[in-house]
Amino acid sequence: MLSTPERIAFLLLALVSLLLTAHGVSRLVRAIGRGQGRPRWSLFVRRVVPVSLDILLQRPIFRARPWVSLLHAGIFFAFVFYGLVNILDILEGFTGFTTLHRGGIAGAYNLVADLLSVAALVGMIGLLFRRFGLRPFRFNERVLLLPSVRFGIARDSAIVGGFILLHVGSRWVGQAVRIAESGHSDWSQPTASLVARLFTGWEVETLALASHVTWWLALGLILAFLPYFPYSKHIHLFMAPLNLILREERPLGQLEPPVARDGQLGSERLEQLRWFQILDAYACIMCNRCQDVCPAHGTGRALSPAALEINKRYYLNRNLRAFAGGTSSPPLLEIATSKEAVWACTTCAACVRICPVGNRPMLDLIDIRRALVNQGDPLDPNLQAALESLGRYGNSFGKPARQRARWAKELPFTIKDARKEPVEYLWFVGDFASFDPRMQENTKTVAWLFHTAGLDFGLLYEDERNAGNDVRRVGEEGLFELLVEQNLRAFEKAQFRAIVTTDPHSYNALKNEYAAFGFSVPVYHYTEVLAQLLEDGRLTVRQPLAAAVTYHDPCYLGRYNRITAAPRRILRALGAELREMPRHGENTYCCGAGGGQIWMASDGEERPSEQRIREAVQLGEDLRYFVVACPKDMAMYSDAVKTTGYEGRLVVTDIARLVASAVGFEEAPVFAATEERS
Amino acid sequence: MAQRIAVLVEHLDGEPTDVTYELLGVARRMADEDGAMVDAVLLGSEVRQLSERLPADRVTILDHPSLRYLAPEAAARALAALLADAPPKLTLVPNTSLGMDIAAWVAARLGWPLVSYCRALESRDGQWIATAQLFGGKILADVALGDEPAIIGALAGAFSQDAASPGPPGTIEQVPAPAELEQLRSRVIALERPEAADVDITRAEKIVAVGRGIESKDNLELAEQLAQALGAVLAASRPLVDAGWLPRSRQVGKSGLKVKPKLYVALGISGAPEHLEGMKDAELIIAINKDPKAPIFTVADYGAVADLFEVAEALLERLEG
Amino acid sequence: MTIAVILEQVPDVVEELAIAPSGNELDRDTVTYVLNEYDDHALEEALLLAEASGDEVIAVGIDTTGELDQALYTALAKGAKRAIKLVGDFEETWLSNRATAEILAPILRNLAPRLVLTGVQAPDDLDGQLAPTLAALLGWPHASVVIGTEFSDGRLRARKELWGGMTLLLELEPPAILGIQAARQAPRYVPVSRVRQVMREATIEEIEVELPTQPSVAVERLRLPEEASQAELLTGSAAEIAERMIELLRARGLL
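Note that the protein sequences, when read in sequence, are chains U, Z and P. The opening residue of the first sequence carries number 1 in the numbering used here; numbering runs sequentially from there. The opening residue of the second sequence carries number 1001 in the numbering used here; numbering runs sequentially from there. The opening residue of the third sequence carries number 2001 in the numbering used here; numbering runs sequentially from there.
Hints are computed from structural coordinates only; laboratory data are not their basis. All C-beta atoms in this analysis are idealised placements derived from N, C-alpha and C, irrespective of residue type, glycine included. Some hints here could point you the wrong way.
[As the list claims (entries may be wrong)] With a Cα cut of at most 25 Å, we get these calculated DSS-like pairs of lysine-lysine:
#1 Z:1217 to U:642
#2 U:399 to Z:1293
#3 Z:1217 to U:409
[Stated by the list, open to error] Reference excerpt, derived from the structure (chain Z facing chain U, CB under 10 Å, subset only):
#4 1174
#5 1215
#6 1217
#7 1307
Working from the sequences, and respecting the hints, build out all of it.
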């Protein structure tokens, strides 16, 4: 179709475009290469098929925003198919080949291209309307944003949106023109044929011109757009799949060990992050889904995981040449996020779970914490006190280790000492369940249930130490290692087959982090054990719980370790009417205590736990119990139910108390709350 | 020569401090039992008129400009020189900031035994037993005082029941200042007083005091509201003042202010000895603390092992609504 | 120029201490040792002074418990340049402050720092406090209950707390000894990884010392405080407690 000058022009343009693009891409690759570590390319082979399948089914995208995801799906499938479309269009330009009015495979091809073009256009118009008309993208006031970001995102979106509309649009119109040229509609291109009617009565020359113009627009735009890729979020086309494919297959609850460079731990600057954390900036599509699920941002704080990645990207966009060339970058606390934001993170991993392109902003925050702690940056005084207490006593309460199992002395039976006799289950109780007076009642109830069900269990008594989960996430890697060593020494003294724990944070550490230290024993959460005991008939329900309840999945149990069924089995066995909050299961909403927050001074803002209580009361006036399975949740929600004024209406209770009350023990610790309410 | 029990007079701005009268009183008690005399040792600068109010058998004055504020080096050297000349059987020195710098120095210089943090002096079989308070008040140590001269660092407030009233002494003598006071290697540049505080808690009839149990600065508001509702003044224990949550003018305790209000409500205060020293003489003490073993309950008249926030809210509800 | 800091391990008062059957010492089984909290402040103040003046901080301690190393390594990790451990035939003896000072005095004369800092007091101070005792033996000027320090023209300024917010600003001619009540800022946190690094790389100097023969105060017996009048406890819910309190106040005309 093209004339010779056109062909030459196209080839020249293609050459220039490809050279420019290669230049930009090479800088991009070098920039990512400045990060620490290297990808394990062997992962590619193993992961390319499963990840491609995931992407084809758009699974990561549909985790949130169903309608938006639908629009995106339209654009996505169109784009995938347009890979083929563009090649064939170039072929049509340079040779006599055409698919017009051909049946069979060509016809099928045309039909798909035609429908997908419309899907892309509709999708793009929808998304542009959302961004510029509805304007849902906001950051909290105190969120650090590079100056170029606000306008930059809008401009980039406009350019990408404009490009897609023009590219797909002109191709689509181009097909219409050619259908018009041919004189009759093409059954295999229904929508283009409709548009072709607009061109009835046009002169042949005009149509020919239009045909060339639309061809040039469609394909020329690609050439024009290609060098822009490295500076646009549109490059997620390639970066997102790479990010997902090359991601190490480690459990979500297993943190990457810190970056270590000559005695310094953690990451202070961009080039001290890992290679894939720089790749994250290029995969980020600036959709703000992570921000939407972040409990810190949701309660007005300075932290936005989205802003973190976007800032990194915009820094790279503006300084790519220097950065790729090896120049040192400013501290992350100047260009990516603020100290206030770093310390506001609860490490709930909602951002990691929701990100459709496999980014992990939470890891960046922890790496910055590691650097701050390692350098002796002044800490929140309460946090410092907690760390010092953990170092000295192995618990954050400032109590001597000797007093850890005091609560057990108040029971009318003795719990076995796992250091002295073998047990089947070692019960790793956890700090809060051991030392906090409010939680001790729940702990005693669990002991009672285990004892009555005839479970063979024991304690480490005063040799148990904080498992270290949150110590690691606060950035004190050395203290984390110390605690692990101390616990492992205690484990060696004892004999047991498995561990059961009442604390999801401890669960996560024992299950996912301790393996790196050579520890591997089955670990269970007490809800798993209780569910089994109920199902095996070792605990029998005598008084079913005829009440409406809602269950709050702890972050470290539900999201991190996917244990969502066991507690629900318990509630069903108890005969409770379970109503789910909108954010439940793996999508649960953090109470705000994790990541060391429970050790830090409160900053006076609304707490995520308060928001959560409000979410729960929406489930009905007659909702009676807010059920938790984590001592920190118990602490946070007991407070929140008071500060939100719902104390009389909603009872916060540990699941064990419900089990005890349903199993009908008279001698069991009295369930005071029920009596008060009734 | 009759035995002497010496008391180091602590004073500021021409006024003896409360602890001086407590020690003069306990010295009187001990002297009566032993047939000894009480010798008030007054180190200072131009302090003659102060001696008129010291109820002792004798006041021994050592007057020198360097002693105006009982600065550590000057006062320690002066006292040591004075005592070395004529060693009393016992010398009572207040276990206060000023006294601590003097007692230990003198004891080390003279080679005399010293029992500090002393909260009781009792006689047993003709011997005096000094009881020292150690390990934050958790352990008491009884020390028998023999015949050789000894020094006692006595806690302020421990002997308030012995306290003497101001009155004229038997005789007043002045001794010359030792030469070493002309070759001191330290001096006072200034006595610094805190800015005029908005509130003088020592004059308040009712006090609501908060301690670490209040957990965060934001919760002070609740305490302030409660104080207002009770017609009381808000005070605090040392940790809160150190953290900058309240000005030092609100600090109750050994290094803060001593208060004797009609009502003292202690919220979330554990009751470290230094704090108790500042408030244990209040008329009615009510303490709220989560820890049933908190030492505050040993001086409180009434107490509740409860969540202070819940109780405070409940009180506010009833007082305001 | 150097600043010496005296560190001491003391029984942790957080624990519930018990008295040994002999009656005049603590039951060692119930005792765990920690760095005296005021010595921690003294170290912090020394580090702050040294950061401003360029002095080197030397941490010194007598190892009567066998557990002093941790404190000395931590001091090195925080920025002290040297750590000196005085060892001898102590075997769990309790050293009075007088005996401690007798041991330290010649060491300090040798070290010749321009300033010695230590905590204002320790939980086991039966015979007075260490700073004034040392000052008497060394003949150096001293001050205790210090809450702020500063070098000014080669002289030392120290702010001594009195009471009620009043302070005495003193000037001392080095060498001098201070008993620190509180450092200018809370003792800094040092990450465990740093301390471990120091333990691998640095060495603690050891000096042998003799136990002094000093007349000490003889403890006749240790005892637990009598459960003096305990408060009358109000029980029940917060509401009930509040009601009772208001009753009490009304009855006394306080409301």
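Each hint, compared with the structure:
no. : hint            : verdict
1   : Z:1217 to U:642 : 19 Å, holds
2   : U:399 to Z:1293 : 13 Å, holds
3   : Z:1217 to U:409 : 36 Å, violated
4   : 1174            : 52 Å, violated
5   : 1215            : 8 Å, holds
6   : 1217            : 8 Å, holds
7   : 1307            : 9 Å, holds
When each numbered hint is compared with the structure, violations occur for hints 3 and 4.
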